[in-house]
Amino acid sequence: MNRSFRLTAIAALTLACQEKLAAPVECPDLCPGSFEIVDTVLSPVVDADSSYEGYLSAGQGRSLRVSWQFPVSEDRAVVRFVARPDSITINDTVYAYVLDSVSLAITLAYRDTAVKGLVLYLYRLPPTVDSTFTFADAETAFTPASIIDSILVDDTLVTDRFQRFYIGPDLAKVSIPPGDSGVLAFGVQIRAAQGTGVRISSQSAGTDAPSFISYVTVATSDSTTLVRTVPRIVRYGSYVSQSLPVLDPTVLTIGGAPSARSLIRFPWPTSLRDSAQILRATLELLPVNPVPGLAGDTAFVAVAPVLADFGSKSPATPDQSFTTFAPVVAGQTDTVHVEVQRMMRLWQGTQPLPSTFWVQLIPETSSFARPEFGSTRTPGFTPRLRLTFARDFPFEGL
Amino acid sequence: MRIPLLLLALTGGFLPPESAAQSSMFGVRGLGLPGQPLSARTRGTGGSFALFDGESDANPASVTALPALTVGLVSSPGWRRWDTPAGEVKLQDTRFPLMFIGGPIPGSRMAVAVSIGSYADRDYELATRDTVVYRGVPIAVRDTVTSLGGLNQLRLAFGFRPSGRTSLGAAVYWITGSHRMEAKRVFEDSAYLAIRQSAELSYGGFGLSAGVIHHLSPRLELAGMVRMDSKASVDRDSTPAYDVDLPWSVAGGLLWRASRRLLVTAQGSYRTWGSADADVKAAGGIGARSTLGVSAGIELATNRRQPSRLPIRLGAHYNELPFLLHTGERPHELGLSAGTGVRFAQERAGLDAALDYTTRKEAEGFSERTFQLILGLSISPYGPGAR
Chain Z
97 MNRSFRLTAI
107 AALTLACQEK
117 LAAPVECPDL
127 CPGSFEIVDT
137 VLSPVVDADS
147 SYEGYLSAGQ
157 GRSLRVSWQF
167 PVSEDRAVVR
177 FVARPDSITI
187 NDTVYAYVLD
197 SVSLAITLAY
207 RDTAVKGLVL
217 YLYRLPPTVD
227 STFTFADAET
237 AFTPASIIDS
247 ILVDDTLVTD
257 RFQRFYIGPD
267 LAKVSIPPGD
277 SGVLAFGVQI
287 RAAQGTGVRI
297 SSQSAGTDAP
307 SFISYVTVAT
317 SDSTTLVRTV
327 PRIVRYGSYV
337 SQSLPVLDPT
347 VLTIGGAPSA
357 RSLIRFPWPT
367 SLRDSAQILR
377 ATLELLPVNP
387 VPGLAGDTAF
397 VAVAPVLADF
407 GSKSPATPDQ
417 SFTTFAPVVA
427 GQTDTVHVEV
437 QRMMRLWQGT
447 QPLPSTFWVQ
457 LIPETSSFAR
467 PEFGSTRTPG
477 FTPRLRLTFA
487 RDFPFEGL
Chain W
829 MRIPLLLLAL
839 TGGFLPPESA
849 AQSSMFGVRG
859 LGLPGQPLSA
869 RTRGTGGSFA
879 LFDGESDANP
889 ASVTALPALT
899 VGLVSSPGWR
909 RWDTPAGEVK
919 LQDTRFPLMF
929 IGGPIPGSRM
939 AVAVSIGSYA
949 DRDYELATRD
959 TVVYRGVPIA
969 VRDTVTSLGG
979 LNQLRLAFGF
989 RPSGRTSLGA
999 AVYWITGSHR
1009 MEAKRVFEDS
1019 AYLAIRQSAE
1029 LSYGGFGLSA
1039 GVIHHLSPRL
1049 ELAGMVRMDS
1059 KASVDRDSTP
1069 AYDVDLPWSV
1079 AGGLLWRASR
1089 RLLVTAQGSY
1099 RTWGSADADV
1109 KAAGGIGARS
1119 TLGVSAGIEL
1129 ATNRRQPSRL
1139 PIRLGAHYNE
1149 LPFLLHTGER
1159 PHELGLSAGT
1169 GVRFAQERAG
1179 LDAALDYTTR
1189 KEAEGFSERT
1199 FQLILGLSIS
1209 PYGPGAR
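Chains as they are written, first to last, in my numbering: chain Z, 97 to 494; chain W, 829 to 1215.
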């Protein structure tokens, strides 16, 4: 009995655990239903798409624009460092020091290698440089007499960090008069074989930021503290432009400085909100003119959902995983396609977010690109939301 | 009593959510492939012994044939080969088409039994490849539609033996069950999100049946059964969806004791599945038609002193299938079976086994061959004759 019982149980257990059900078939012969996929295009709510500017100012990005005879924009960079003290404290004792040398460094973040003979010029600027400093002020201050240094950039280099040391007689170029309270400021201008622009790293760029380091000798008998460095970080960094573009209310603009962003609202029917499974969603933006910018310097159109629709002050969702990007390059006239499928799920369910897109340029205020896309007020260039979605599978089918 | 309880606990541990007969391409449409809640002994005779078998869920009058309190379970591993225009595939699964407990009521001429059996099986997983055009671009897709589950029937049967020659029976059925369906589509182009949708369809209905077994002579018995099933209400995710009419069934059979060692059985049945045709079509199906079934078999005792020890059972069956794959077709199955069995532990336990080979066919290019092993275990803890 026990033996038979065991054999039976083992056999039953062995046989019970095997399943292989998948079978290849051809529809519709053996298919109890099929997917219904719908491809549709939504147009924005008329006159509910707008651009706003003033979110970030020049210098608040990771790069500073510098250009010369560049049709897109004419820009000069300015940098002011934190004041250098006239003494240093070692072990609670204040010591005077003797300035031995100084180094200045900037990082070329991007240049167009098609333009040869690029030279970076550093100009000494008054220590009062701040946000009131204008392009006209820069033109006045950028004189041959105020040149600190010039840096010839190898024609093959796209990006590099340049550090210059000033010692002995050259120290005079970076000497800080007593009346300047230890503040050093300089500006950046370029020249090249033809008009062009470059980006240099700003104070937000970490180790690529402009630097000002003083190497000093302290009058102390302790040899371990004899030689000191006095680094100064950037207090103010920005760029000034010859002319600021005016926001055109008939188009959707992103980028520039101060930066512009655009809000696009779409109608969102309940059939899409409640039951459709969205397979692909693409926001299509049509440039109304070739995208201005620096050749080869790719920027990105970033599209994010908003948590609430408060117009220009609408907060974008903080979850970056819902933000999607599409590249945009100088001279582009083709439609920009941004895949936004991921954020569509936020427009669905019982508590959906507003069916509104925030569109902005990345990097903001750092790029020469300032795309202008068509709006509902520019016939033929209206943005589109192309949706591919599946309706409910007919499971009830027999 | 410990052994059956232990066995039930053991089998219950790996019992699937629904006990179903077998997975078949003819279970894709309609309510699925009709189940066969029959014992291994009956399956060995091609199903022809069903109306006389107290361990099968066919004729309520047959519960009077249980000699003592009996607990049983049937397991049915199966191997199939589908042939369709999309190609051939070999499939495999295991089902538990029947569990039962029943026996005579002490001090009376009555017997009672409770059983859980398969009513219809809708287990399948279908895979297709296709190329579709979205946004003007052809994209390769792979679709999968899966269904797990089916309809079960819970039967409470009473049998009464007014005389030594006649048994009467009646039963009430609760038809219930559900199947989880899932549809998936995967795109070759990763820009498209994969589709995955699921739903649960649940069913509810009831049925009544009555049966009789009469000994015309010591060698010849006749049996008959009639059964009425109500409409099955179908809910999708707990929301009423539609109703499907369930059939009336009538069946008759004969058992002839040709000799002390040879038993010959035959059976015929008819089910009015055609009454569900309109409901099936309204739900998007192809249709349903009423079915005829016939079977015949023998049981030959190899040991005259112990007839229950390793008898030889042979049978054949022909059944029409109710749910169509194509309009105007008549799907059907034809099968051969063989089996045997043994009782042990002083006749308190029995193990029966049967092999069934069935071919099913509908339109040109749509056929399947199945090979099933049916294992039945029954236990009478108090021994035969004990009440």
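Simulated from the structure, these hints should not be mistaken for laboratory data.
Take the hints with a grain of salt, since some may be wrong.
[As the list claims (entries may be wrong)] FRET-style restraints, in silico, Cβ to Cβ: (1) W:L984 x Z:E435: 29 to 37 Å; (2) W:Q1025 x Z:E435: 32 to 40 Å; (3) Z:V425 x W:D911: 42 to 50 Å; (4) W:A1069 x Z:S367: 41 to 49 Å; (5) Z:T366 x W:S1061: 47 to 55 Å; (6) W:P1068 x Z:N385: 53 to 61 Å.
[What the hints assert, rightly or not] Chain Z regions said to be covered by chain W (calculated; three or more residues, Cβ under 8 Å): (7) 410-423; (8) 481-487.
Note that CB positions come from ideal geometry on N, CA and C, so glycine has one too.
Margin query: Holds or violated: the 29 to 37 Å window for the beta-carbon distance between L984 of chain W and E435 of chain Z?
Written below: violated (59 Å)
Note to self: How does the segment 481-487 of chain Z fare against chain W when you require at least three residues with a CB closer than 8 Å, holds or violated?
What the structure shows: holds (count 3)
Checklist line | Verdict for A1069 of chain W, S367 of chain Z (Cβ pair) under range 41 to 49 Å | finding: violated (20 Å)
Margin query: Taking 32 to 40 Å as the stated bounds, is the beta-carbon spacing between Q1025 of chain W and E435 of chain Z within them?
Written below: Check failed, 22 Å falls outside 32 to 40 Å.
Notebook entry, point to check: Would you say the C-beta atoms of P1068 of chain W and N385 of chain Z sit inside 53 to 61 Å of each other?
Noted result: Between P1068 of chain W and N385 of chain Z, where Cβ atoms are some 59 Å apart, the hint holds.
Item checked: Annotated coverage of the segment 410-423 of chain Z by chain W, confirmed only when three residues or more have a Cβ within 8 Å -> The restraint on the segment 410-423 of chain Z is violated, since only 0 of its residues have a Cβ under 8 Å from chain W and three are required.
Notebook entry, point to check: Taking the CB of V425 of chain Z and the CB of D911 of chain W, does the distance hold inside 42 to 50 Å?
Noted result: violated (56 Å)
Next item on the list: Go ahead and decide if the range 47 to 55 Å is satisfied by the Cβ distance of T366 of chain Z to S1061 of chain W.
Entry: Distance hint for T366 of chain Z, S1061 of chain W is violated at roughly 29 Å.
In summary, the structure is inconsistent with hints 1, 2, 3, 4, 5, 7 from the numbered list given earlier, while agreeing with the others.
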